[in-house]
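> Residue numbers (our numbering), protein chains in the order written: chain S, 1 to 205; chain V, 1 to 385.
Worth flagging that the hints you see were computed from the coordinates, not collected in a lab.
Just so you know, these numbers come straight off a predicted model, no measurement behind them.
Glycine included, C-beta positions come from ideal geometry on N, C-alpha and C.
Honestly, I wouldn't trust all of these hints.
[What the hints assert, rightly or not] If you anchor each label on the Cβ, the simulated ranges turn out as follows:
1. S:25 to V:354: 27 to 33 Å
2. V:66 to S:140: 53 to 59 Å
3. V:130 to S:95: 31 to 37 Å
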Amino acid sequence: MTLLVAVAFMLAACHEEKVSVYRIPKEDNQVSMENGSGNLAPPPPANPATWTKPDGWEEKPLSEMRLGSFGIKGTNGESVDVSVTSFPGDAGGLESNVNRWREQVHQPALEAERLADGLQRETVDGVPTVLVDVQTAPGAEKPSRILGAVFRTDDRTWFVKLTGPPDLVESQKESFMQFVKSFHFSSKGETTENPPGKVKSTNDR
Amino acid sequence: MMQASLVARFFKPLASLKLTIVCLAAAMVLIFFGTLDQVHVGVYEAQLRYFRSFFLFFSLPGSALKIPYFPGGTTLGAILLANLIAAHVARFRFTWKKTGILILHSGLILLLLGQLVTSFSEEESQLQLDEGQTKNYSESPYFDELAIIDRSQPDSDRVISVPASRLVKGAVIPLPISGLELQVDDAFENAALISPNQLPSPSYPHFRLGPMAIAVAVAKTYKQDERNEPAAAVSLRQGGNVIGSWTLASGFPQPKDFKVSSAPYSIVLRPKRYYRPFSITLEQFQHDRYAGTDIAKNFSSKVRLMDPAVHENREALIYMNHPLRYAGLTFYQAGFGNNDHTTVLQVMKNPSWLVPYISCGMMTLGLVIQFGMHLFSFVRKRVIA
Chain S
1 MTLLVAVAFM LAACHEEKVS VYRIPKEDNQ VSMENGSGNL APPPPANPAT
51 WTKPDGWEEK PLSEMRLGSF GIKGTNGESV DVSVTSFPGD AGGLESNVNR
101 WREQVHQPAL EAERLADGLQ RETVDGVPTV LVDVQTAPGA EKPSRILGAV
151 FRTDDRTWFV KLTGPPDLVE SQKESFMQFV KSFHFSSKGE TTENPPGKVK
201 STNDR
Chain V
1 MMQASLVARF FKPLASLKLT IVCLAAAMVL IFFGTLDQVH VGVYEAQLRY
51 FRSFFLFFSL PGSALKIPYF PGGTTLGAIL LANLIAAHVA RFRFTWKKTG
101 ILILHSGLIL LLLGQLVTSF SEEESQLQLD EGQTKNYSES PYFDELAIID
151 RSQPDSDRVI SVPASRLVKG AVIPLPISGL ELQVDDAFEN AALISPNQLP
201 SPSYPHFRLG PMAIAVAVAK TYKQDERNEP AAAVSLRQGG NVIGSWTLAS
251 GFPQPKDFKV SSAPYSIVLR PKRYYRPFSI TLEQFQHDRY AGTDIAKNFS
301 SKVRLMDPAV HENREALIYM NHPLRYAGLT FYQAGFGNND HTTVLQVMKN
351 PSWLVPYISC GMMTLGLVIQ FGMHLFSFVR KRVIA
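If we strip away everything but chain V, and leave its shape as in the complex, we get (with noise of 0.2 Å):
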């Protein structure tokens, strides 16, 4: 007795009514300043932004100091998670009357567990192929990386790979390997490249990147057919000695070699990749298009999957609807190029993509169960009376 009272005292403030309804009024909220802002910072940044977030920040101007000012999608629906979870261990008393009811609320904590896991674990990336072409990784729409590759074994390459999101001026970075430092001299978030005649003035932020390429800053972009290359302009350093300076820009990924104690190694900024444990080539693609007209009928790729470990190694067509499911991956066609002999293959990873569906199935049960048992119980009461 004493006990239950003891988790009743704990999980009561947890369990109240009270915050149900102040997190969905501020879910609401959340929701419908997050939908006006996908006019200004495009789908994918509002979706980081408010509902992936655990709050959302504004700084003062001049400010590098973050400041949280409302809860944002994540926290949101980890309280909620919560209260749903101490309600019924507080309040919940198991009666067969109440199976529904249990039913139902397990599909809602199983959906708001999915969301979380699939927000923490899911990963969206592309593949470009042009016919003919091998690729062993994928690569983020969204993100880049600064890759250093030790290329000093035969058999494999080791790549250490620093986030763009790190790469701020002044900032020093300390590497795993053989005590490096990587240090930002400079670095734009956006850059675009240009002849070093079209340098509008010599005081403009710029790098130079090689004798006919400048790298300018420009604003970010959050336009959804655009996408922002990062430029900057590092030194990698072993005790105190600088071994090289470089400036890299994401939109000319173009490795540069350098050696550490006569180690090969290259460095390059490019867009963040995910490298598979299998290679898919691109045979054909097709773009079938209605006799007589331009309108597009129909787009697929033939792409040959080869996976040694496991001896795979097989054709497979993918087009609208049919994507290629592999290895926790699945493939989507998502856009063409280079006069049609270029694919772009959408990569999703997204391990509980099946849990909307499971628990959305447990939702339908439990009411069908609460208001079957309703029905049941009020027309049996119609035919008595």
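Just chain S, with the same shape it has in the complex (with noise of 0.2 Å):
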């Protein structure tokens, strides 16, 4: 009886759940995306927005959150960086975003009025789209500008982002707003009644 009880004592103390090996036929990274259970992005419309890469820019893979990605060479190995991005709602609002970037180059954040006037506004595809241009101060050890632009349609905001060194940048601030220009918005704000990723039980009323 003793030994019973100390048995399961030890049974109850040493319990840790273990690190388990399988093998499983080859999947599609897509679908092992494909997960209901509570996604922080829901998906984006199943016609998301549509775009012309531009002469000389090489396509790169997907990774993370990126829905479009972009490189671009220049001479003595550098290169520039473009993102596609898409989240649901004001993702977490323009100035906060704009600060974002403004940071990356080093630069201080500014107060809503301020960094609104230094942003131009367009219109693409009849969304409301903001264009930012921001560097880092002259004389930075480490050179970089960012070219964006925020596209904000009824449900979600897209973010288009170019960064790179200064001058590879200026060469490519043409193709940048030809890119810009060429977004195609299928859906611009399709609100549903249950948004993907929620679900409901069959006993709920």
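Hey, can you piece these two chains together into the complex? The hints should help.
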């Protein structure tokens, strides 16, 4: 009896879930990401935005949150990176996102009003668009410049961001504007009764 | 004779009726407090803590040491089972008059054994499918795993699954691949995902998941309709060198790619997956309502089951009280979403699901025989008198 209790004690004390190893048929990375249990960013609408890649831009593999990813190689090994991302709602607001880009080029964050003065506003495919151009202070150790575009559709915010050394970025400014203006949004705001990712029990009334 | 007395001496304390009474009393206390605690910790957690545990534990504030203070359901069940078997071995002498008792007790032993097997082998998961989507795995509604996926083979992937319960700050977990070690730099049992500008203060416990998302620590939830979504900051080390560091959140289960000696790998924190050798496709989900109202009449999922190994390829309709049973699993209609384009199937694996039916049948038969014999002899005595 004492032995039985001692064994039970030991089993209880040593209980630790084990690391397991198993093999599965090769799965498409895309399929493995289709996971309904509470994604942060519900997948973009069935027909997301489309765009036209300017000549000379090289497509890069999509990673993490990128819906589009491009690279442009300059001379002497420098390169520029272009990303397209999309998030539901206002994605934290224009001010915080532009200030985040400012921080990345070591510029101080600005108040909403002062920030608004320095932004260029346009309309692309009927969608209000904000253009951002920020760069490191003259004489910075590692000069960098960001060209950005923020599209605000009814239900999502889209970001296009081009980052790289200032000279190379300047040479790509025209291509960047051409890329931004090529955006076409097939769904400019479709609200659904039940957002994807949320499920209800059949027992609920 | 000598042997018989030895057996009796060994089984006598275990066969004690006092032990039965103590265990039954303890079980009543356990059920009472376990049921009350469901208000605080929910049905599932109460089941785990009180009824499927060896012991109930408490921890002193600020200490990780767990001190057992009361036997859990598994311990009480095991002692009762041993007690019942020992009583039979030590005391029971077979006579035809006791056939009923024998069948009745065998049924009870079977019931206890079945419950013991169930508590160790039962597996509950959910299969969420959008229309047209196919999956060969279901996911746990309660547990998460940190999966490291070795994608170096052309035809299959190797998954190293670390249970999320092992993700404790400071833990170093050796992995069964090329001398790799997983170091947990920080971990939250439950995390909410917010955008960076929503962070209450920079000192609030959080991880940056990416430019747009931050995982913040939140209290563990026990609500029936909510799920704990852990987050962790981990590093992989090989021979003292750090291969990579990642911040991962189960609420945002996007695999992150990396390389170990040029072999492609991915790492992801996600709901624990149970892979199957077959796949299920949702062809159509239907949510019927009573005419002119919004009251649900019927939920049904038309699925296609494909198991290439046994050339199985068929359609099945899952609706209330009509689950799909296949390969030891039962798929029940449990939920829906996405404007009636997504279904949620509850997937149950319980190899001993028939045992309670058989044991209840045996116990009924035992009682009928035993009381029947008494009744029969009583009636006969009256007739003679």
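> Return holds or violated for the Cβ distance of residue 130 (chain V) and residue 95 (chain S) against the range 31 to 37 Å.
The hint (31 to 37 Å, Cβ to Cβ) holds, given that residue 130 (chain V) and residue 95 (chain S) are roughly 36 Å apart.
> Assuming the hint says 53 to 59 Å, is it satisfied by the Cβ distance from residue 66 (chain V) to residue 140 (chain S) or not?
holds (55 Å)
> Return holds or violated for the Cβ distance of residue 25 (chain S) and residue 354 (chain V) against the range 27 to 33 Å.
Given about 32 Å between the Cβ atoms, the range holds.
In summary, this structure violates none of the numbered hints.
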